[in-house]
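2 protein chains.
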Amino acid sequence: MAEKIIINDVGPRDGLQNQAVTLEPQQRVALIRALLTAGVKHIEVGSFVSPTAVPAMRGTAEVIAALPRGDFHFSALIPNLKGYDLAKASGIDTVSLVIAASNTMNEKNIRMNNAQVLSFAKDVLGRAQADNFRTLACIATAWECPFEGLIPEKTVIDLCAELFAAGAPEVVLADTIGAASPAQVKSLMSKLVAEFGAQRLSCHFHDTRAMGVANVYAAVECGVRKFDSSIGGLGGCPFAPGASGNVATEDVVLMLNQMGFDTGIDLAKLVLAADLVAEQTGAHATANSAKWIKRQIEKGLL
Amino acid sequence: MAEKIIINDVGPRDGLQNQAVTLEPQQRVALIRALLTAGVKHIEVGSFVSPTAVPAMRGTAEVIAALPRGDFHFSALIPNLKGYDLAKASGIDTVSLVIAASNTMNEKNIRMNNAQVLSFAKDVLGRAQADNFRTLACIATAWECPFEGLIPEKTVIDLCAELFAAGAPEVVLADTIGAASPAQVKSLMSKLVAEFGAQRLSCHFHDTRAMGVANVYAAVECGVRKFDSSIGGLGGCPFAPGASGNVATEDVVLMLNQMGFDTGIDLAKLVLAADLVAEQTGAHATANSAKWIKRQIEKGLL
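These protein sequences, in sequence, are chains A and B.
When we follow the UniProt record's numbering, the leftmost residue of the first sequence carries the number 1, and every step to the right adds one.
When we follow the UniProt record's numbering, the leftmost residue of the second sequence carries the number 1, and every step to the right adds one.
Bound-form chain A, shown alone:
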């Protein structure tokens, strides 16, 4: 039996909110359905943020209402308690909240300082437990902040401990600007896995410096078995200068499948989802492996 690795595709949120084009809710649903068809069962489907600040995420409740029911794990990002209430009302089962490891990033991203955002996170985690609602707590800029530079590992380890203590079932370590090397990933993730166990940790990498796939490998070597990635390598962060695309789901799945892990994802169907989002947004899909995957399909090998 192959060991499972969970892929959480954040393209319908992290990817789409960074495109020049704003998709209609039904287009977003079509993309999510294409991912489901490929076997992706964990998807960040949108966010409950101000439609003025992030127009691309307008209509997330509509998207959620149109999603199929089944053995799927949909989540939506929330930046504040208003977002929490909207998420709860939408019928989604999981919210993700983001707390940056650096004060400046928190202030730029959600206009709260570290203490305020931690208090917000604890508030959400408490409510979520009472409401029987799942929460993914994401630590952004866990390796480097575009404003403050390298983040001390102790800062991240302590923040992780606070989030788990406040009831977070899972913490996502995010290299929001794609700045970490695999050596840095190994260093931090091996400590976090030793401290908290791999089962409660997940990683989120960007490919800015072409190390996204190598970072996934380094984290796998540390025992991590859940990753965020984005279909077609779309993504970035509007408030993080220098961030570029998330590591592409196709690249990650190709590697993990070949390494013998069970992702449950069909590469041939996955590239159809990548083609769809490229067509919808006019963005070039950036997955390096896409050409190779398509050649295999043409040859009938995939």
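Treat the hints with care, since some could be wrong.
Calculated cross-link-like contacts (lysine-lysine; reagent style DSSO-like; alpha-carbon spacing at most 27 Å) [what the hints assert, rightly or not]:
#1 A:41 to A:88
#2 B:4 to B:191
#3 A:291 to B:291
#4 A:294 to B:291
#5 B:291 to A:186
#6 B:186 to A:191
#7 B:122 to B:154
#8 A:299 to A:269
#9 B:186 to A:4
#10 A:4 to A:269
#11 A:291 to B:294
Note that these hints are calculated values from the structure, not bench results.
Fit chain B to the given chain A structure using the hints.
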């Protein structure tokens, strides 16, 4: 003191021989000089193959004659003894010879079967020792052959042993078609390092499946401290269907420098070499990190 890693840029050979455009010898020299300016001291500058079979490598002796002298390590590829004699006459100090781990690949690539090519390799290694000439013995398709599929590790370990026994100072393990995953790289390289020591081994990866950089990292973790890469990610193999670009020197150097290794290479000057070869060949440079590197230069950070 940072630990050194040697980068051997094979772009002027592996890269240029796979472009639609054939460069003049003086253009090839300009590219090699741009690499030297960036601090790349090991360069495969051409090959002594039939100019009918590989027109892009016509004039390699002229290229070599025009190269500056200094603390540089230039090599040329040779497919046969005629090539050996031409290389020796050219005044270059190192030849590289390629022996595929699979019989079919040897027959397609250089029209010799395994026994013939091993005999040729031993012949060259013997002559090179007598002529006080350095040889890089490259094992092609060391993980997977496009014709025969996965290569058993024992085949590669045995071939490596034969090459070292015949006097090879260094063996390069090449994933010629970019088919290996980092798990496969770790598996084979850890065995080879245990058997022969990391000092005599080098790795050569392609980025076909977007795992080139991850494979470099996996080999570094095994102790390997020398890598082939290609400026701008140019490359491939004309006789290996499905091969695409070599792992880009920029991507590899960015990662290794950030990991604290001393490559001796200046990234800002390296992207000038990548821009030059893109301009010379009309090929798009494929290094994912190039945009990020250029942004750092614009900001005065590199």
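Now for the hints, and whether the structure bears them out:
1. Only pairs whose Cα atoms come within 27 Å are accepted, and residue 41 of chain A paired with residue 88 of chain A is accepted, the gap being roughly 20 Å.
2. Taking the CA atoms of residue 4 of chain B and residue 191 of chain B, the gap is about 22 Å. The hint holds against a cut of 27 Å.
3. For the proposed pair residue 291 of chain A and residue 291 of chain B, the alpha carbon gap of about 21 Å is at most 27 Å, so the pair holds.
4. Restraint check: the Cα-Cα separation between residue 294 of chain A and residue 291 of chain B comes to about 26 Å, which is no more than 27 Å; the hinted pair holds.
5. Annotation: proposed proximity of residue 291 of chain B to residue 186 of chain A holds, straight-line Cα distance about 25 Å (limit 27 Å).
6. Between the alpha carbons of residue 186 of chain B and residue 191 of chain A the distance comes to roughly 22 Å, so the proposed pair stays at or under 27 Å and holds.
7. Note on residue 122 of chain B and residue 154 of chain B: the hinted pairing holds, with a Cα-Cα distance of about 20 Å set against a maximum of 27 Å.
8. Restraint check for residue 299 of chain A and residue 269 of chain A: the C-alpha separation of about 15 Å stays at or below 27 Å, so the hint holds.
9. This hinted pair checks out: residue 186 of chain B and residue 4 of chain A have alpha carbons roughly 20 Å apart, not beyond 27 Å.
10. A C-alpha spacing of about 19 Å is found between residue 4 of chain A and residue 269 of chain A, which places the hinted pair at or below 27 Å, so the restraint holds.
11. Restraint check for residue 291 of chain A and residue 294 of chain B: the C-alpha separation of about 26 Å stays at or below 27 Å, so the hint holds.
Checked against the numbered hints above, the structure breaks none of them.
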